[in-house]
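*Asks:* Here are the chains, one letter per residue:
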Amino acid sequence: MDLAINNGKIVEKINEKKAKVIDASGMMIMPGGVDIHCHIAGAEVNTGRLLRPEDHFRDVEVKTAVTRSGVGHSIPSTFTTGYRYSRMGYTTLMNPSMPPFEARHTHEELDDTPMVDKATYPLLGDWWFVLEHLRDGLIEECAAHIAWIMAATRGYAIKIVNPGGVEAWGFGRNVKGIDDSVPHFNITPREIIRGLCKVNKLLNMPHTIHVHTNNLGKPGNYVTTLETMKCVEDLAEENRPNIHITHCQFSAYKGSNWRNMSSGAEEIAKYVNHHNHVTLDMGQVIFTDTTTMTADGPFQYGLYRLTGNKWVNHDVETETSAGIVPFRYRRKSAVNATQWSIGLELALLIENPWKIYLTTDHPNGGPFTSYPTIITWLMSQVARKKMLIKINKRARRKSLLPSIDREYSFYEIAIVTRAGQAKALGLAQKGQLGVGADADVAIYDINPELVDPSKKYKKVRRAFKKAVYTIKGGEVVVKDGQIVKSVFGKTFWVDIKTSLPTEVNDDLKRKFREYWTVEYENYPLRKGFLHNPAPISIKAEV
Amino acid sequence: MSTGRIIIEGDVGMHLGEEMKGGVITVTGNAGSWVGGRMKGGTIEIKGDVGDYVGAAYRGSTKGMSGGTIIVHGNAGNEVGCFMRNGLIKVYGNIGQFAGIHMAKGTIFVQGSSEGRAGAQMRKGKIVVCSNIPSILPTFTVESIKPKVKIDEEKVTGPFYMFVGDRAEGGEGKLYVSQKQNQHLSFYEEYL
Chain V
1 MDLAINNGKI VEKINEKKAK VIDASGMMIM PGGVDIHCHI AGAEVNTGRL
51 LRPEDHFRDV EVKTAVTRSG VGHSIPSTFT TGYRYSRMGY TTLMNPSMPP
101 FEARHTHEEL DDTPMVDKAT YPLLGDWWFV LEHLRDGLIE ECAAHIAWIM
151 AATRGYAIKI VNPGGVEAWG FGRNVKGIDD SVPHFNITPR EIIRGLCKVN
201 KLLNMPHTIH VHTNNLGKPG NYVTTLETMK CVEDLAEENR PNIHITHCQF
251 SAYKGSNWRN MSSGAEEIAK YVNHHNHVTL DMGQVIFTDT TTMTADGPFQ
301 YGLYRLTGNK WVNHDVETET SAGIVPFRYR RKSAVNATQW SIGLELALLI
351 ENPWKIYLTT DHPNGGPFTS YPTIITWLMS QVARKKMLIK INKRARRKSL
401 LPSIDREYSF YEIAIVTRAG QAKALGLAQK GQLGVGADAD VAIYDINPEL
451 VDPSKKYKKV RRAFKKAVYT IKGGEVVVKD GQIVKSVFGK TFWVDIKTSL
501 PTEVNDDLKR KFREYWTVEY ENYPLRKGFL HNPAPISIKA EV
Chain S
543 MSTGRIIIEG DVGMHLGEEM KGGVITVTGN AGSWVGGRMK GGTIEIKGDV
593 GDYVGAAYRG STKGMSGGTI IVHGNAGNEV GCFMRNGLIK VYGNIGQFAG
643 IHMAKGTIFV QGSSEGRAGA QMRKGKIVVC SNIPSILPTF TVESIKPKVK
693 IDEEKVTGPF YMFVGDRAEG GEGKLYVSQK QNQHLSFYEE YL
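If you're matching them up, the sequences are chains V and S in order.
Per this note's numbering: the first sequence = residues 1 to 542.
Per this note's numbering: the second sequence = residues 543 to 734.
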């Protein structure tokens, strides 16, 4: 079968005599990879880089004729991030946490991340105006306001991190569940999630709300995760997803403390298997040294207390917070080994691959460069067993993995690494190779018809590590695992047309003056700020 | 470097013997900073002076020297043995400030004087100062007076004040300071 590309798009036919022909017989062709959740740019990521010189000096990329030099194992510099993703055949990345206040910084770094198309989600679950609007039941006004923020920050989706808890953290507190009241706002996380879910629907956003649950990283939190999924169940329509629970592994713990912590993957998988309004991503843990970073300040504080490691905590004005703690996941630690097991259990127990996607929550569970290894764990029971015998005994005894004999096929891998993620993101032109799709193609040196991934998992890992070809927008950018051309991708953002006025009114302008260090007039990104913007026009229902 | 021998006649720059695992390096002149950074084994001997961060961890890391011996016949700079995890550093001259900062194990021996703040944030290990030290950090407590201290195989005769700290870190590191050379510390004796 031939695949014709013209002008950066997949087309029906092309004049073969004039075209450049790539012979990919005996190889596997997939659409370019899509990562729905990877922290690759912004103030938080950059602070992580500053915090960890020791992470850099062991992993150095040397300059070549077409690429720049760079450093970093867990938080590579921007250019290196682009190159490494591209070498693995990835072409679209989503940066999931951007404090609206840091939009400039985030977009500047995204503009410096070559080889890939990208987008970023502003953090809105603890934004004061959103909380006030939702408390007063002003859903439509809230929607209009969020339409403004999306344009002002060039955002792509509504990101909610520990709804209410991050705001409470500004006062040294946290929320304990989705019905706990947020101090000073008299609103509960449930109301925030439901409110923003309604707003998301009113605005016709391409992606669902992207939720990092309350109580993340605490034993017993799978109950909160189930409640979070249930709380928007009645808002779903026509089997379409309306909530994405991100890095679900960190939200799937049973038990009452770290000693008896175990897997809640079975319960979550059971719920997801019976409901179509939820999508998840794994947040798989890798046994390596990495840097955890989230907007969930109180969680990071807990992690700092646990490790005693150096750390950074930050309160972003009235919007959100952030924390960074370097962390090493150890095979011999019962907790870390259980975390490793939970991620895979989720991926294997959820029957429909369109509902769960492969991520490590880079760099929280491990750097994205470990995706090929995770693919082998999903595809091969032998590979899983090989790691299982190396992990902590107690964790191994409790792990559900030995009882699961499911192995992903190459088709399922294609879904969890690109097609499913593109679908969840509403990017119709990505994650597929049909006529009219973007010509983002990855070619891997493996013959899916001849190779048994279950036994030859090392071959699979090698193949996914280095794409033979990566084609971005119709151009060959990677050949034999080496960058041959540096290109700059697009930055997607949603340009929402509403009938309600989206500009901030006088009252909010006054609040800007009172609460922010930046004046309202200087706050939004101006036209021409982005290197290569790709607005997606949407007509909202308000 | 894992084995063999290097002799340097003259001075040498920074990062001498970084991460070395074995063998011997001898320098007849002076050396720059970061001598034996993160070294695991072997011996480095310097006849002249050295800069800062002898046997230290890389910036941001908590893993300093974990084995081996560094012998300095001249003076050494600041933060010698920063995040040291094991091994031995001997300085026959004087030493700068913050010797053994963040130290977790191992021994630092100073024949000459220290500029002070020795053992800041140390958790375990041993620092011996045979000459003058301006003061002891307030987070150290005096434990006893010892007539002798064992360094590796040999014994150094004192008497020495033995301090334990850094208490701010819950540390149990031992800081030995010569009694004779530090008369200004005699007020500690009333707490014994």
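Keep in mind that the hints were calculated from the coordinates and are not lab data.
Don't take every hint at face value.
Subject to a maximum C-alpha distance of 35 Å in a straight line, what follows is the list of computed DSBU-like cross-link-like pairs (lysine-lysine) [stated by the list, open to error]: (1) 390/V - 582/S; (2) 485/V - 511/V; (3) 310/V - 666/S; (4) 563/S - 310/V.
Over 10 Å on every C-beta distance to chain S, these chain V residues come out as not near it, computed from the model [stated by the list, open to error]: (5) 57; (6) 84; (7) 354; (8) 539.
Here the structure is a predicted model, which means the values were calculated and not measured.
The C-beta atom is built at its ideal place from N, Cα and C for all residues, glycine as well.
*Asks:* If a hint holds in the structure, say so; if it doesn't, say that too.
*Replies:* Now for the hints, and whether the structure bears them out:
1. A C-alpha spacing of about 26 Å is found between residue 390/V and residue 582/S, which places the hinted pair at or below 35 Å, so the restraint holds.
2. A threshold of 35 Å between alpha carbons decides the hint, and for residue 485/V with residue 511/V the separation of about 47 Å lies outside it, so the pair is violated.
3. Between residue 310/V and residue 666/S the CA atoms are separated by roughly 19 Å; this keeps the pair inside 35 Å, and the hint holds.
4. The hinted pair formed by residue 563/S and residue 310/V meets the criterion: a straight-line CA distance of about 28 Å does not exceed 35 Å.
5. Look at residue 57/V: its CB is around 6 Å from the nearest CB on chain S, not clear of 10 Å, so calling it non-interface is violated.
6. The claim that residue 84/V lies off the interface holds: its Cβ sits roughly 21 Å from the closest Cβ of chain S, which is beyond the 10 Å cut-off.
7. The beta carbon of residue 354/V is kept farther than 10 Å from every beta carbon of chain S, the shortest such distance being approximately 41 Å.
8. Look at residue 539/V: its CB is around 49 Å from the nearest CB on chain S, clear of 10 Å, so calling it non-interface holds up.
Hint compliance for this structure: hints 2 and 5 are broken, all remaining hints hold.
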